[in-house]
Amino acid sequence: MLPLPRKFSPGSALLGALIYGLVFFNSSAQAASSYKAVVVTPDSRASRAALKVLEAGGNAADALVTAQAVLNVVAPHSSGIFGGASLLYYDAVLRRILYFDGSVQASARAFPEMFLDSQQGQPRVDYAELRKTGLATGVPGALKVLSEIQSRFGLRKMSFAELLEPAAAMAEEGVTVSESLAEALLAHREALQGSGDFQKVFFAGNRLLKAGETVRQEDLAKTFRLLQRKGPAVFYEGELGNAFLDGARQHQPGSGLLDKEDLKSYDLLRTDALYSNYKGYGVFTASPPSAGGVMFLAACHILEKIDLSKYAARPETVHYIGEVMKQVDPLQQWIGDPDHFDLPVVSILSKEWAGKKAANIPASKPGRYENPKHLSLPEGKKPVSVSVLIIDRHGNIANYSASLGDAFGSGRMAPGTGGFLNDLLMDFSMDPGELKSPNFPNAPGPKRRPRNFFMPVVVFKQGKPTLVLNAVNGKESVGAALNAFVQRVDFGVSCGSVLEVPRVFVRDGALTLEGDLYENDLWRVQLELFGHKIKKENFLGNGQMVCFEEDSGKMVAENDPRDSEDGAIGA
1 MLPLPRKFSP GSALLGALIY GLVFFNSSAQ AASSYKAVVV TPDSRASRAA LKVLEAGGNA
61 ADALVTAQAV LNVVAPHSSG IFGGASLLYY DAVLRRILYF DGSVQASARA FPEMFLDSQQ
121 GQPRVDYAEL RKTGLATGVP GALKVLSEIQ SRFGLRKMSF AELLEPAAAM AEEGVTVSES
181 LAEALLAHRE ALQGSGDFQK VFFAGNRLLK AGETVRQEDL AKTFRLLQRK GPAVFYEGEL
241 GNAFLDGARQ HQPGSGLLDK EDLKSYDLLR TDALYSNYKG YGVFTASPPS AGGVMFLAAC
301 HILEKIDLSK YAARPETVHY IGEVMKQVDP LQQWIGDPDH FDLPVVSILS KEWAGKKAAN
361 IPASKPGRYE NPKHLSLPEG KKPVSVSVLI IDRHGNIANY SASLGDAFGS GRMAPGTGGF
421 LNDLLMDFSM DPGELKSPNF PNAPGPKRRP RNFFMPVVVF KQGKPTLVLN AVNGKESVGA
481 ALNAFVQRVD FGVSCGSVLE VPRVFVRDGA LTLEGDLYEN DLWRVQLELF GHKIKKENFL
541 GNGQMVCFEE DSGKMVAEND PRDSEDGAIG A
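Take 1 as the starting number for the sequence shown in the numbering used here and just add one per residue.
You can take every hint at face value.
Okay, derived cross-link-like pairs now, DSBU-like style, lysine-lysine, Cα gap no bigger than 30 Å in a straight line:
hint : residue 1 : residue 2
1    : Lys351    : Lys310
2    : Lys381    : Lys535
3    : Lys264    : Lys157
4    : Lys52     : Lys222
5    : Lys326    : Lys305
6    : Lys144    : Lys260
7    : Lys222    : Lys200
Pairwise CB distance ranges, derived in the manner of DEER restraints:
hint : residue 1 : residue 2 : range
8    : Gln119    : Phe539    : 41 to 47 Å
9    : Asn439    : Gly463    : 37 to 43 Å
10   : Asn439    : Lys264    : 27 to 33 Å
11   : Ser437    : Ala169    : 47 to 53 Å
12   : Asn538    : Lys305    : 30 to 36 Å
13   : Lys310    : Gln119    : 56 to 62 Å
14   : Lys533    : Ala56     : 52 to 58 Å
15   : Lys230    : Arg156    : 15 to 21 Å
16   : Glu237    : Tyr275    : 33 to 39 Å
17   : Asn439    : Asn538    : 39 to 45 Å
Bear in mind the hints are in silico, worked out from the structure with no lab data behind them.
None of the values given here were measured: they were computed from a predicted structure.
Yeah, the Cβ is synthetic: ideal placement off N, Cα and C, and Gly gets one too.
I would like the entire structure built from these sequences, with the hints used as guidance.
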């Protein structure tokens with residue numbers, strides 16, 4: 001957490017005479033800047049394709065379609081048209097922010113105990129097996145988000161079909177396997193190798209493709225060509241949807257509950273974004289069923305009561321960030337589908353609630369950690385997601401999140417489509433105790449959407465955008481976003497350097513510190529004297545951001561240096 005002191009060296013200076021400076025994450029990542037337009041994605045190929053759309057006269061809504069489609073080709077493990085998505089969109093003409101939630105939705109035939117054995121009352125099989133079943137797959141909303149945003153806000157200089165062309169061509173011609181895709185293939189080989197479609201695409205002979213080799217995805221190309229000819233309706237009402245349903249029914253036990261009517265009746269949640277004022281900044285973020293936005297704003301409210309700026313260059317900064325994370329972590333249990341439950345969002349985000357929580361945080365010792373065990377991830381679950389940030393020459397902002405759930409989703413492809421099925425219904429609770437309550441908001445049920453942690457943030461100052469931020473990979477997104485937000489807003493870390501700052505998380509009640517932050521002996525010892533348990537991890541979270549320089553108005557786009565790819569690019 002910054003500002004940070006340089007690593008203390010005994011004898012180098014007296015404690016009271018230490019010179020404090022900034023200690024950054026060791027990275028070769030470079031920020032991109034522009035006065036016109038910027039794009040940030042996890043892969044430079046998707047960023048370049050989106051930028052070409054902007055240069056050809058499209059806007060952020062148009063470019064987003066191309067970016068997600070290309071990511072489906074170059075990073076099929078992390079998102080795709082058969083997954084969930086959300087979008088925080090700022091229309092510069094209307095000067096309004098809207099939130100579109102394209103989370104996956106359960107079947108009309110879903111019920112609270114759908115994942116449990118009817119005799120034993122426990123999950124039918126372990127998580128690794130359950131995610132492969134059709135029960136894990138929900139009706140995807142990513143395609144619906146892309147279709148609606150382009151039809152409502154796109155400039156119509158390019159059709160939806162034209163915006164898919166870069167992805168279709170890349171799938172046909174082949175793309176180079178990136179380091180991140182190669183690592184994902186290797187890490188999940190055992191879970192994936194039972195799929196013939198997967199082996200046809202990602203194997204060379206009897207071995208997995210390696211980084212630098214070429215992968216051709218002919219079936220995926222055909223899917224994009226079909227979408228070009230018939231539009232997104234071919235999924236929700238046509239043959240592409242039929243193939244999706246066939247894939248969800250192939251695996252036993254648990255062939256899934258989805259049917260054609262579930263696809264046909266799917267619709268987005270269209271809501272206003274959550275909003276709050278933080279020290280004069282207007283902060284917008286995701287509404288439920290995202291727990292991420294609620295937890296993020298609740299943390300901001302508590303921090304505002306504490307005022308971190310008083311503790312600059314002191315270990316109390318880390319202490320308070322960690323304690324605030326402890327306070328907001330349990331909030332996720334109150335979040336679910338707002339169409340089916342009355343959620344206590346207003347009370348959670350009240351300044352009165354924040355004041356009580358801030359008063360409960362001790363100044364120099366750890367507070368209680370009351371994270372229920374059932375909020376921990378099931379063994380084997382490692383959420384993977386992507387974010388895309390686009391700001392066009394008109395000032396429109398697209399802040400997009402997407403996921404298949406785990407890497408490669410369920411690990412199964414819809415036959416003949418080249419697309420991986422999501423396993424996002426596994427984000428519902430499977431805890432037998434919770435499911436006994438009819439009012440538990442994250443229980444499976446008819447037409448319900450599971451809780452997610454999509455984490456888009458757009459920050460305004462005096463009516464103008466000053467920070468666009470997103471973080472990925474499940475609940476970790478909240479911590480990554482909060483760390484970055486504090487660095488920029490509270491401590492004024494310069495644009496282009498914010499994501500390089502070492503982070504602090506809380507895991508199992510322990511302060512978990514990154515890199516140089518852990519190696520700072522002086523701070524670590526002081527935190528231990530406070531009574532904190534300290535852990536070290538090399539990589540905590542993953543995020544992307546665009547920062548506006550106040551004096552010049554220049555946009556500086558930054559991709560997380562913890563990611564192996566560099567996808568920040570400016571016009």
